[in-house]
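Chains as they are written, first to last, in the working numbering: chain A, 21 to 487; chain B, 21 to 487; chain C, 220 to 480; chain D, 220 to 480.
Rather than coming from a laboratory, the hints here were simulated on the basis of the structure.
All of these numbers come straight from a predicted model, not from anything done at the bench.
All C-beta atoms in this analysis are idealised placements derived from N, C-alpha and C, irrespective of residue type, glycine included.
Don't take every hint at face value.
[Said to hold, decoys possible] Heads up, simulated DSSO-like pairs for lysine-lysine below, C-alpha to C-alpha not over 30 Å straight-line: (1) K373(A) to K392(C); (2) K261(C) to K451(B); (3) K448(C) to K392(C); (4) K164(B) to K392(C); (5) K458(C) to K392(C); (6) K165(B) to K373(A); (7) K242(D) to K475(A); (8) K366(C) to K451(B); (9) K224(C) to K165(B); (10) K411(D) to K88(B); (11) K242(D) to K373(B); (12) K411(D) to K165(A); (13) K164(A) to K411(D); (14) K24(A) to K235(A); (15) K88(A) to K242(C); (16) K392(C) to K472(B); (17) K325(C) to K475(B); (18) K283(C) to K242(C); (19) K272(D) to K242(D).
[To be verified] Over 12 Å on every C-beta distance to chain D, these chain B residues come out as not near it, computed from the model: (20) E137; (21) G139; (22) E170; (23) D261; (24) Q371; (25) D399; (26) D414; (27) N434; (28) S442; (29) L479.
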Amino acid sequence: MAIKRYTRMEYGSPDEMVFGEARYPVSYGLGQTVGAGVVVPEINFAPRPGAEKNPESLRREYVDYITKDILDRAITLGFPAVQLENEHIFQMVNEPQRYEKPVVAGQKEMMQNYHDEYGIALSIRHTVADPRLAEEGLRVGMDKKHSYPEKCVESIEVAAENGADLLSIESTGGKEVADYAILRQDIRGWLFGIGYLGSIDMAWIWPQIVDIAKKNKVRAGGDTNCAGANTSMFMAGGYLDRDIPRTFAAVTRAIASAKTLVAWECGATGPDKDCGYEGPIVKAIAGKPTAQEGKNCQCAHADLMGNLIAQVCDLWSNESVEYHPEFGGSSVQCWLGSIGYEAALMNMAKQLKQDRLLRDLYMATDRYRSPEAFILAYDNAYKVGQAIVEYGNDIYLRSKAAGMTAARLIEEENKSGKLRLSKHEQDMLRKIITDLSALPEEEGRFQEMCLKAYKDVPLFNPKNYEL
Amino acid sequence: MAIKRYTRMEYGSPDEMVFGEARYPVSYGLGQTVGAGVVVPEINFAPRPGAEKNPESLRREYVDYITKDILDRAITLGFPAVQLENEHIFQMVNEPQRYEKPVVAGQKEMMQNYHDEYGIALSIRHTVADPRLAEEGLRVGMDKKHSYPEKCVESIEVAAENGADLLSIESTGGKEVADYAILRQDIRGWLFGIGYLGSIDMAWIWPQIVDIAKKNKVRAGGDTNCAGANTSMFMAGGYLDRDIPRTFAAVTRAIASAKTLVAWECGATGPDKDCGYEGPIVKAIAGKPTAQEGKNCQCAHADLMGNLIAQVCDLWSNESVEYHPEFGGSSVQCWLGSIGYEAALMNMAKQLKQDRLLRDLYMATDRYRSPEAFILAYDNAYKVGQAIVEYGNDIYLRSKAAGMTAARLIEEENKSGKLRLSKHEQDMLRKIITDLSALPEEEGRFQEMCLKAYKDVPLFNPKNYEL
Amino acid sequence: MLDLKSVNFDRVLRRYDIQMETKESPEELAARMVPKDPYLRKVVEDVVFMRSKNITEDVGSALKNYSPEEVIEHGLIKGMDVVGELYGRGIYYLPHVMVAAEVMDKGVKLCEFQMKGARETRGKVVMHVAEGDPHDIGKNIAAVLLKSNGYTVVDMGRDVSIQDVITTVENEKPAILTGTALMTTTMSAFPKISERLRERGINIPFICAGGAVNRAYVESYPMGVFAAKAIQGPALANKTMEGYDWRRLRENWDKLTAAKE
Amino acid sequence: MLDLKSVNFDRVLRRYDIQMETKESPEELAARMVPKDPYLRKVVEDVVFMRSKNITEDVGSALKNYSPEEVIEHGLIKGMDVVGELYGRGIYYLPHVMVAAEVMDKGVKLCEFQMKGARETRGKVVMHVAEGDPHDIGKNIAAVLLKSNGYTVVDMGRDVSIQDVITTVENEKPAILTGTALMTTTMSAFPKISERLRERGINIPFICAGGAVNRAYVESYPMGVFAAKAIQGPALANKTMEGYDWRRLRENWDKLTAAKE
Ligand code: B12
Ligand code: B12
Ligand code: SF4
Ligand code: SF4
Ligand SMILES: [Zn+2]
Ligand SMILES: [Zn+2]
Ligand SMILES: [Zn+2]
């Protein structure tokens, strides 16, 4: 399948973007349409420790407990539509027939019953695990020990054949280099790992996912750069954390968006995955629906853009919560209540034609809370998107442009605007700009330079990327 | 202390009411002001089972774990102000010196440190337990077995002397009759229990609380009708529940507001307690700040007005969550994130002069989700308030008027508007209106009638109310 | 206030309760379940439709044709069966059940009056709410349902100390003990009670319920049997009277409570 | 877009990070902590200020005046002490620590080159991430810190099977085993590892860390010692080398890790 690179923006201006509307809405599942006038809550969950003991206990946990609780609560509170997300645990990718199939099929059967009885719009995203190990080999035939690349693809098939409506993965290509670079605050290495190697790896796996989806008449959703940009974000943390500076995290987010985009360029339709905080950037470019998470995913992440990140979402997620009891019901029910009510608020704003105003309130609340929030504000996200499409056909140059644009936006606002930075954050920003400026103008030279510079990075093997 | 009944509304019209602003703002604690232009998150929590084993383990749980986690997360996310609420467990009221004092003092000491170091505005509400048993006697000297009335007052004193900024209680007067009535859907009995007996009981306990607060230069906040109206609300539940009809719950809420008001009539200043969903009504009457909870208190309650109830709040609460780990931190940190970001959104709306618009979005989202939500929509809440002040000096007539007004509002909207009711809810509503219409015009006759009708209600003893 | 006229509320919320209103009416369902005999039929209907005023007369007529035991069994208790079914299907609400139980109670008293000895109780149940816990509504509901199913209930109320529970069990020798706890800080009384009962060689099902506890917690101490809803009480009690011990109740829990959720 | 000019952002958020920026600079703090001796001082400063380019020369000069052991102890390791202090106070960020560790490493290699035998390792540590778990960043950080504190690290990587862990421990005979798990569905490998080690009569501290586990969990199986942060690794390892067994590490945990949080 050919990869169709984005070289122009699907939106004419930032202001055209708003939550609950995408240029290219997507229908799937049991009466679900995303991006066509409503925001849908997306509830994600993790089984209790020990539930993975055997296939039957895992199925019971996911189906009889978690899925049932979710559906009951959705009806109880009157939510018109809900999406479930199941992030697979490694037992499911290791033995798809034993562990994955009964779960996927069981969830769908129960959802079908509720849909038939109540008419509620329902769908489920299956995010399969990417267990591939860079040191063993990311491509088919390379990992002789576990056959992880093969297993990964098989588990996508099993999901698609047994009830998944939407397929996602958090692919980890390039992470071995990004992990090395992040601890050294080496933006070039990070760009090489995620922007370059990661994009190459996605161009290998995503056409396969899109094919599987087509064959099974389901949807290929999208990817996220959890392995890279979210790791930066969590390490940068909040105002008490000092593991890495937040300016570095912000720039990695912009670079990550050039990678996340690849899934859509390979034919995936969206909605992309919630944990991709780069969603506003890729939506601005491609006009496909995006899943986002923020103030109501505190069960999983405490980010510095809890409201802002809702600005242009189409699905609103809790990211993930472990199943356990709370006073108000089970944990999945409690967080579904939170995201479902937030979606209801957005939908009411749409009905009353106040959606752009609510979008701006969300955005303004966190615009200056962190540099990462700042570059993801929809106006700035749009600018980063523009930088990417300008070099749309070159995965290296567009990643670099994304990073540079973000860095410059932050620098400028820090100088003359309201975005305050600590001294260390400023130092890092200057170093990033210097480092990025020093990079070659041409992909071949960049590749050559990096293959040399990072040849000793533990676990890095150019063969994984056919280099 | 004299009780000053409300006989006129403090707001000239419903539209004057909005979140984050009260006619009478209140300052207390460490730089905290409530009701003067910002909404403050109020985080409530419960210790893990077993933490009550001994005074030291309880103190450690409340102070070293819970309070510290909360304060750290508040700084991490950049919240300018936070209020804590500690709902006391019965060990604290049973042995205030051993169990209560170290907790109250320890929390305050830690809060003081954070306030000094970071300048964050902080305050803590202590909601003491009301362990009084109707069958043993609600007044001093009556309960010969446990001395619960005495213990209750002592525990308020211990809280005030050792670090509480705000005192609250969920007083349970009249609940023995209301409990009986709710299971029989007897609105007269419920009115007698909560509207009448409950108001009498509050007029006994609240002047004492106000005195203790004055003596210790802290604030007396307010009460809530958890024992009555919230029990109705939880039993009425959501769309899958069929324990009691939601029209009944709605009418009890209106009646409850006439009782909750008594705390303020006795001199309490607000903010009242979050769990009083009747807050919009009493705020409309008295102009004092109110604490509310909804979509971000799903950890504790799944109510049918998650957004609406934020419309005129001054504090925004999570109601309560048991302390335990989550992927995103401890449970108190996760829920603080949610309420803190929601407060930030409201505060941004205030800054941008869009607060009335956001208020209306909140309200519209749930206006027709349930009859209870409908009568609490600020325009209707205002009307219920007007009914109360019209008979302000008569606790019986005003409770009846509140209930009747709510019932009529629901009836009318069901006939000609958008509020749909099930057949059973309609039947119940008709019965309520019939029953309330049949009640006497005069307090004395009502009292006489009820003392006779409910004399055999288990646990009911008129001496508790000096009747 | 914003004008809400243009709003399509369907995009914001869906009233599944209205949508699902049962087509079958109580009358239709009762018609299928009540006995053919006109006297017993009237008694059943009095209970089902909560005709407190008629019950005295109708039980009187029935007693002219049937023994008191028969009127109780095939009239009054049958009526409560129908009520339970209606509640289970979401046609009746809880207050219906409570009021019907009172009507039935009235009828049972009349029958007992005509019986030789006292009416035989199906068994004795001691009930309580844990120490320090004021939440007793659920326990009260459960008590009514157990009574209306023929059990003698010793209701110790709420905020009951462990020692009082033990003493009462020793004195009353019930077939079943129940405990309710809505607070995680009070539920720890249950394992202690279980421990003390064991020390005294008492081995009866200890049905524990209330928002704070869950099945896993209750099954972590000997004798504990979980109940999620008041309506499950009679089912668990009945099996106990059939000779199930607490272990067997636990093993069959899913089945025993399945219909009653 | 709404015009944000009028907004008083102070009412919405407060930048505690900016407000709290430490007054003391790295230079000031280092000045207080470095040795007086000019040669050692230079080595310390190279590590603290991450002067990778100078370290070869400066270690060379120091080696002319001091033994390799002394240069390591009072120069290179001292430098890392200062770095740790700077990180603890929030002046340095994690990458500083990583890069400083690399500079130190370079210096140590030079010294070792001049030493009679191999430089003595403080002890051997086997590290792994649990089976099925791909989250290895935390483990990698911890590895660098242990190495820079003089430990020999056998890094088994991530997604390591229980059997491989046992085999490696049997072959390598380390003083300490560590495990990292970020997922609650992978952490269950730890008690199993502990069990198998016990079967084989192995009794070493098994330091477990990662977002999924907490202290209570890790202390629920024999040998388990919890670590919350990578920086706590050296402190725990040092005490092990002083002879603390896992029980004693647990007992003194609060104290041992207090400064390092
Ligand atoms: C109403 C209420 C009160 C009322 C109680 C009125 C009453 N008569 O019971 C009052 C105001 C007194 C009250 C007080 C307090 N409460 Co309160 N209360 C509630 C509330 C809102 C509803 C409880 C309720 O009635 N549910 C409905 C009934 C029907 O349910 P149920 O009892 O569980 O019964 C069902 C089943 O369990 C079963 N069942 C029960 N018993 C039995 C027995 C048998 C044999 C069987 C078969 C079945 C069975 O059948 C029933 C259904 O069919 C809950 C909130 C919630 N989410 O639950 C909080 C809640 C229980 N309260 C709470 C708290 C904290 C308190 C206070 C401590 C607050 C304070 N500081 O003042 C005080 C207690 C003071 C003290 N003495 O220590 C917390 C407990 C937290 C915790 N640690 O576990 C809760 C969970 C609220 C929360 N989200 O934080 N409360
Ligand atoms: C980055 C990340 C990833 C990356 C990992 C990249 C990498 N190289 O590690 C990738 C994309 C691969 C990933 C994948 C997945 N992830 Co992930 N991931 C995260 C994330 C966002 C951050 C983790 C992180 O790096 N933290 C920073 C590091 C530094 O912290 P740390 O490892 O804990 O280390 C610290 C301490 O523990 C300690 N330490 C650690 N080891 C040691 C050792 C010693 C000796 C000492 C002393 C100290 C020590 O020191 C460090 C600090 O100083 C977390 C979110 C979160 N809230 O944690 C989720 C999270 C861990 N992931 C999660 C999930 C579900 C997944 C997936 C299953 C999703 C999926 N379906 O694809 C997959 C795994 C697929 C599979 N194979 O099974 C869940 C786990 C839920 C659960 N059940 O427990 C989390 C919690 C997210 C969430 N909220 O749901 N993930
Ligand atoms: S952000 Fe959270 S959900 Fe998303 S991939 Fe990373 S861990 Fe998984
Ligand atoms: S509503 Fe919740 S918090 Fe409020 S009183 Fe009732 S139980 Fe306590
Ligand atoms: Zn996610
Ligand atoms: Zn509350
Ligand atoms: Zn939780």
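To see whether the hints hold, each was checked on the structure:
no. : hint               : in the structure
1   : K373(A) to K392(C) : violated, 68 Å
2   : K261(C) to K451(B) : holds, 25 Å
3   : K448(C) to K392(C) : holds, 25 Å
4   : K164(B) to K392(C) : holds, 29 Å
5   : K458(C) to K392(C) : holds, 18 Å
6   : K165(B) to K373(A) : violated, 62 Å
7   : K242(D) to K475(A) : violated, 40 Å
8   : K366(C) to K451(B) : holds, 28 Å
9   : K224(C) to K165(B) : violated, 60 Å
10  : K411(D) to K88(B)  : violated, 34 Å
11  : K242(D) to K373(B) : violated, 38 Å
12  : K411(D) to K165(A) : holds, 23 Å
13  : K164(A) to K411(D) : holds, 26 Å
14  : K24(A) to K235(A)  : holds, 20 Å
15  : K88(A) to K242(C)  : holds, 25 Å
16  : K392(C) to K472(B) : violated, 37 Å
17  : K325(C) to K475(B) : holds, 19 Å
18  : K283(C) to K242(C) : violated, 37 Å
19  : K272(D) to K242(D) : holds, 29 Å
20  : E137               : violated, 8 Å
21  : G139               : violated, 7 Å
22  : E170               : holds, 39 Å
23  : D261               : holds, 32 Å
24  : Q371               : violated, 4 Å
25  : D399               : holds, 26 Å
26  : D414               : holds, 42 Å
27  : N434               : holds, 38 Å
28  : S442               : holds, 42 Å
29  : L479               : holds, 42 Å
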